[in-house]
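2 protein chains.
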Amino acid sequence: MARWEGNTRGRLERAALDLFREQGYDGTTVAQIAQRANLTERSFYRWFADKREVLFGDDDLEACYLPVIQAAPDGLAALPTLLTAFASTPQVLRPRDFLIERAAVIAASPALRERELIKMVTLAEKLVAALVRRGHDEQTAQLAADVGLAVLRSATRRWILGDDSDFAVLLATARQDLLRVAVM
Amino acid sequence: MARWEGNTRGRLERAALDLFREQGYDGTTVAQIAQRANLTERSFYRWFADKREVLFGDDDLEACYLPVIQAAPDGLAALPTLLTAFASTPQVLRPRDFLIERAAVIAASPALRERELIKMVTLAEKLVAALVRRGHDEQTAQLAADVGLAVLRSATRRWILGDDSDFAVLLATARQDLLRVAVM
DNA sequence: TCAGTGACGACAGATTCTGTCGTCACGATA
DNA sequence: TATCGTGACGACAGAATCTGTCGTCACTGA
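The listed protein sequences derive, respectively, from chains A and B.
The opening position of the first sequence corresponds to residue 1 in full-length UniProt numbering, with each subsequent residue numbered one higher.
The opening position of the second sequence corresponds to residue 1 in full-length UniProt numbering, with each subsequent residue numbered one higher.
Since the hints were derived computationally from the structure, they do not count as laboratory data.
Mixed in with the good hints, there may be bad ones.
As a list, the in silico BS3-like pairs of lysine-lysine whose alpha-carbon atoms are at most 27 Å apart [what the hints assert, rightly or not]: (1) B:K119 x B:K51; (2) A:K126 x B:K119; (3) B:K51 x A:K51; (4) B:K126 x B:K51; (5) A:K51 x A:K119; (6) A:K51 x A:K126; (7) B:K119 x A:K119; (8) B:K126 x A:K119; (9) A:K51 x B:K119; (10) A:K119 x B:K51.
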């Protein structure tokens with residue numbers, strides 16, 4: 001067997017994404033993924049908690065956002081605090097090609113959509129906690145996180161579709177949209 | 001065996017909720033649920049697509065909201081349209097006791113949280129489609145749905161916690177909060 | 001040279017979910 | 001009353017996911 005090839009995790013992720021694109025998520029088994037990566041099924045589960053996790057490796061948005069929130073100037077409102085943190089999003093994400101491939105696979109599978117959602121919500125909870133630590137009340141923090149993520153999604157949609165403006169600009173635009181929607 | 005007892009679906013739902021509360025979601029098998037409902041495991045899967053679905057039966061919020069959106073006066077903005085529809089929410093939901101029991105079980109299980117989230121998002125997609133049919137553009141509709149659901153969640157949180165105000169009032173309050181958050 | 005550590009293969013087994021077929025209750029019709 | 005169709009159900013087989021456990025092998029440091 002091909003033990004100790006190195007970059008085990010990466011090999012599994014690559015094999016999984018390829019197979020999902022070829023045969024669909026439901027149509028490919030963990031055994032197939034492992035085999036293509038020169039491993040056994042058991043080893044797959046040593047690197048990923050379950051079959052879905054292989055697509056949600058290490059964006060680590062949290063580690064990117066939280067310090068910025070922590071360092072925000074005193075008295076800054078909740079939503080602006082979040083949007084400031086979100087500005088550095090594209091630097092943390094994987095290359096756009098990869099994101100597009102992955103997005104297509106996820107969109108095609110309810111199981112993967114579920115997983116993506118809970119990742120999002122888990123992030124939202126971390127944001128709420130960070131806002132509360134800065135003195136915002138729970139209710140406001142929760143609402144700000146929900147609304148902030150809606151703005152982030154709106155901006156990200158545009159970015160993925162090829163809009164190469166500075167991400168802070170995309171966020172500002174999305175926030176304008178939000179204002180129109182919320183005030184009307 | 002106890003065939004033809006009637007209310008098969010309800011028996012399974014009841015057995016599942018009780019067992020999940022006693023042993024946790026992961027700790028109970030579909031076979032146990034079926035057994036407590038005097039059925040076989042195979043019959044469980046005739047009534048529910050998978051183990052999680054047994055907790056997400058038939059709120060049918062969609063059927064409640066869509067007609068109201070359809071019937072909204074011309075020219076009404078997206079968010080107010082949604083909030084009008086949301087006003088009748090409590091009439092569709094199950095009794096509060098049931099919701100609280102269920103919420104506790106869901107909160108304790110990541111798998112169930114995932115399922116709850118995708119139910120929410122699926123609803124959001126239906127709302128977006130309904131808004132687009134009324135002439136709102138896609139981007140606005142998406143944002144309004146995200147924000148509207150944030151407001152709905154905020155109002156529902158208060159309602160579940162025992163605030164017995166008219167639900168329209170709770171929604172209005174949540175919307176005030178939203179305005180504060182969004183404008184500041 | 002040798003023990004410690006971590007990655008891996010091999011195997012067993014519980015659980016989820018699906019396909020298929022035969023059986024039984026019920027309702028409609030002759 | 002006799003018969004037939006339909007739908008709910010039990011019984012069985014089997015694929016796939018996920019976990020526990022143990023032995024092996026490569027690398028590291030003393």
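Each hint, compared with the structure:
no.	hint	result
1	B:K119 x B:K51	15 Å, holds
2	A:K126 x B:K119	22 Å, holds
3	B:K51 x A:K51	18 Å, holds
4	B:K126 x B:K51	25 Å, holds
5	A:K51 x A:K119	15 Å, holds
6	A:K51 x A:K126	25 Å, holds
7	B:K119 x A:K119	15 Å, holds
8	B:K126 x A:K119	22 Å, holds
9	A:K51 x B:K119	21 Å, holds
10	A:K119 x B:K51	21 Å, holds
Every hint, counting from the list given before, is met by this structure.
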